[in-house]
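Number of protein chains: 2
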Amino acid sequence: MKKLMNSPKTLVADWLDGFSAAHAHIVALAPGRKFLRRAAPAQGKVALISGGGSGHEPLHAGFVGRGMLDAACPGPIFTAPTPDQIVEAANALAGDAGVLFIVKNYAGDRMNFEMAAEMVRCRHATLLVEDDVVDAETPRAIGRRGVAGTVIVEKMLGAAAEAGADLEACLALGEKVKGRTRSIGVALSYCTLPDGRPRYATLGPDEMEFGVGIHGEPGRRKAKLVSADAIAEELVSAILADLGDRRSEDALLLINGLGGTPLSELYVMYNSTRRSLERRGVRVVRSLVGNFVTSLDMVGCSVTVALLDAELTGLWDSPVHTAALRW
Amino acid sequence: MKKLMNSPKTLVADWLDGFSAAHAHIVALAPGRKFLRRAAPAQGKVALISGGGSGHEPLHAGFVGRGMLDAACPGPIFTAPTPDQIVEAANALAGDAGVLFIVKNYAGDRMNFEMAAEMVRCRHATLLVEDDVVDAETPRAIGRRGVAGTVIVEKMLGAAAEAGADLEACLALGEKVKGRTRSIGVALSYCTLPDGRPRYATLGPDEMEFGVGIHGEPGRRKAKLVSADAIAEELVSAILADLGDRRSEDALLLINGLGGTPLSELYVMYNSTRRSLERRGVRVVRSLVGNFVTSLDMVGCSVTVALLDAELTGLWDSPVHTAALRW
Chain A
1 MKKLMNSPKT
11 LVADWLDGFS
21 AAHAHIVALA
31 PGRKFLRRAA
41 PAQGKVALIS
51 GGGSGHEPLH
61 AGFVGRGMLD
71 AACPGPIFTA
81 PTPDQIVEAA
91 NALAGDAGVL
101 FIVKNYAGDR
111 MNFEMAAEMV
121 RCRHATLLVE
131 DDVVDAETPR
141 AIGRRGVAGT
151 VIVEKMLGAA
161 AEAGADLEAC
171 LALGEKVKGR
181 TRSIGVALSY
191 CTLPDGRPRY
201 ATLGPDEMEF
211 GVGIHGEPGR
221 RKAKLVSADA
231 IAEELVSAIL
241 ADLGDRRSED
251 ALLLINGLGG
261 TPLSELYVMY
271 NSTRRSLERR
281 GVRVVRSLVG
291 NFVTSLDMVG
301 CSVTVALLDA
311 ELTGLWDSPV
321 HTAALRW
Chain B
1 MKKLMNSPKT
11 LVADWLDGFS
21 AAHAHIVALA
31 PGRKFLRRAA
41 PAQGKVALIS
51 GGGSGHEPLH
61 AGFVGRGMLD
71 AACPGPIFTA
81 PTPDQIVEAA
91 NALAGDAGVL
101 FIVKNYAGDR
111 MNFEMAAEMV
121 RCRHATLLVE
131 DDVVDAETPR
141 AIGRRGVAGT
151 VIVEKMLGAA
161 AEAGADLEAC
171 LALGEKVKGR
181 TRSIGVALSY
191 CTLPDGRPRY
201 ATLGPDEMEF
211 GVGIHGEPGR
221 RKAKLVSADA
231 IAEELVSAIL
241 ADLGDRRSED
251 ALLLINGLGG
261 TPLSELYVMY
271 NSTRRSLERR
281 GVRVVRSLVG
291 NFVTSLDMVG
301 CSVTVALLDA
311 ELTGLWDSPV
321 HTAALRW
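Top line first, the protein sequences correspond to chains A and B. When we follow my numbering, the leftmost residue of the first sequence carries the number 1, and every step to the right adds one. When we follow my numbering, the leftmost residue of the second sequence carries the number 1, and every step to the right adds one.
Derived by calculation from the structure, the hints in this document are not laboratory data. Honestly, I wouldn't trust all of these hints.
[Said to hold, decoys possible] Some chain B residues close to chain A (C-beta under 7 Å, calculated; not the full set): (1) Lys2; (2) Asp14; (3) Gly18; (4) Ser227; (5) Pro262; (6) Leu296.
[To be verified] Okay, derived cross-link-like pairs now, BS3-like style, lysine-lysine, Cα gap no bigger than 30 Å in a straight line: (7) B:Lys224 / B:Lys2; (8) A:Lys2 / B:Lys222; (9) A:Lys224 / B:Lys2.
Keep in mind it's a predicted model, so treat the numbers as computed, not measured. C-beta atoms are modelled at their ideal positions from N, C-alpha and C, and glycine is treated no differently.
In isolation and in its complexed conformation, chain A is listed as follows (with noise of 0.2 Å):
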């Protein structure tokens, strides 16, 4: 295990301190590395706050900005924010607009965002992201995992409360957006974490892990290494199952790398993952490529595909300007 880090305890600091530095017209990191809110505070609109733990760079912090959120609430690796950090970013944001908490499904964000939901003054409500197909198979008692498609749900949110949505209508969005996005990953190799522990099991060297998540979590099964024209058409499979019946529609297609795979292989993917859509007769009319949604260094690709509708496209396709997503 090697990493460009000072030290397993100060990397959160370290990377949030020279994030908010590179991007000191984009984010301000607020006393006590809280939380970061945009540089230029937007006033009279629902402010939409996220967060959870560290680890999956640019998620949350690079999509704080004009267009998408107005704070992000970073905890530890793997580990939510505290209920305090979120309470103090939604007491120094929210106007009369109130507050629309934007939460990934897993257990402890969602308890924490519930006790900050508790404690704060201000109108609010919470949106829960849960795109990853996987646990819809698998289901535990916490559902399906929130990973990639977050990125589009807080585009679209961010588009939508830029241009004045209220509360309500936020809320509205937000489901109307999880119910056309879904998401699934593949693994080649696992994260290590910055004191060196390995997530989980390891992978063989020809092995990869279908349906991974983003903390590494064990996805549907192992299977050998195939082409990544075999991995789309399985990914796509996966995705197209649980949507239902939607061909012939226009989607947006997102290919995020997980944090160690060069960008030429997530264009492969892309490249693979398009085809196999256009077959089955959805037209990608959008896409995205890139490391977003990441965990650690983490060998591998998540697919996501949002169907999209005029509303939709056209909040995708309005101006963002934040650190990871600028348009």
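Dock chain B against the given chain A, drawing on the hints supplied.
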């Protein structure tokens, strides 16, 4: 060795197909995949054409677009494009203003761009990029390598050409940027070629390589892995020693990931490097952090410092619309 690909033979073709499909509004792939050009070709300006071996993605393909390159010629992995590719790109894109070839300083690239230059029918000139400080100490016949400073050269020249600079002015500006730009890299693990061959030696479980090249070339020395702060201190010392006494100047700091390094660690290195520079009186006024000039799946990063003045700051800030760089 595990990669997301169909086969080592098709990796470059598949990445080019995926990349050009994902960014069809920005780039178009020429027949036979000989070069990538802008989807909306520019008229009446110096055409900037770069290229080189693949394996360094997003370089150069990701920098084709408004405000940066007009075309990029991709070779096989770590192998220069053929003169034929370069000639076709030049003849397709050159107008009366001529062509500037931007070439990283490697024997194969130099030779093939020189052969192409003898064959093209248009006005042309060539700028060699040679920003790596390492070969300055261990000279070979070929001189310094072109590494991540290439992004800065291409961005500055792209802005100037877009604003109407003629061929001579572009060449002079290129020399100016080169004189003020230095890079050095560090690897925690070497890259693996798509056919499974490792490059050069291997690194031990607590070892790093200072001054590594973007093809895994050996650098100044192997050493025991130390903290990000200590690594930054050594990289900054090497760069500032080579730039000469340039304190009290403004600088652009680029932390470039080599392909397999998580973004969080790149920002940790940014934080350490920025503080080291500022302790020495160099003020960081512009920043870029991410994977721009990679070496397949190599783990590590490079640091590039470019000293700015009002002209260069203005060129850096000019709008750019490419797949990999956009503002």
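Verification of the hints:
The criterion of a C-beta within 7 Å of any C-beta in chain A is met by Lys2 of chain B, whose closest approach is roughly 4 Å, and the hint holds. Proximity of Asp14 of chain B to chain A holds as hinted, the smallest CB-CB distance being about 4 Å (cut-off 7 Å). Hint on Gly18 of chain B holds. Least Cβ distance to chain A is approximately 3 Å, under the 7 Å limit. Of the supplied interface hints, the one on Ser227 of chain B holds, with its beta-carbon coming within about 5 Å of a beta-carbon of chain A, less than 7 Å.
With a cut of 7 Å, the hint placing Pro262 of chain B at the interface with chain A holds, because the nearest CB-to-CB distance is about 4 Å. Because the smallest distance between the Cβ of Leu296 of chain B and any Cβ of chain A comes to about 6 Å, under 7 Å, the interface hint for this residue holds. A distance of roughly 27 Å separates the Cα atoms of Lys224 of chain B and Lys2 of chain B; the hinted pair therefore holds under the 30 Å criterion. As the CA atoms of Lys2 of chain A and Lys222 of chain B are separated by approximately 14 Å, the hinted pair is consistent with the 30 Å bound.
Distance restraint check for Lys224 of chain A and Lys2 of chain B: the Cα-Cα separation of roughly 11 Å lies within the 30 Å cut-off, and the hinted pair is therefore satisfied.
Checked against the numbered hints above, the structure breaks none of them.
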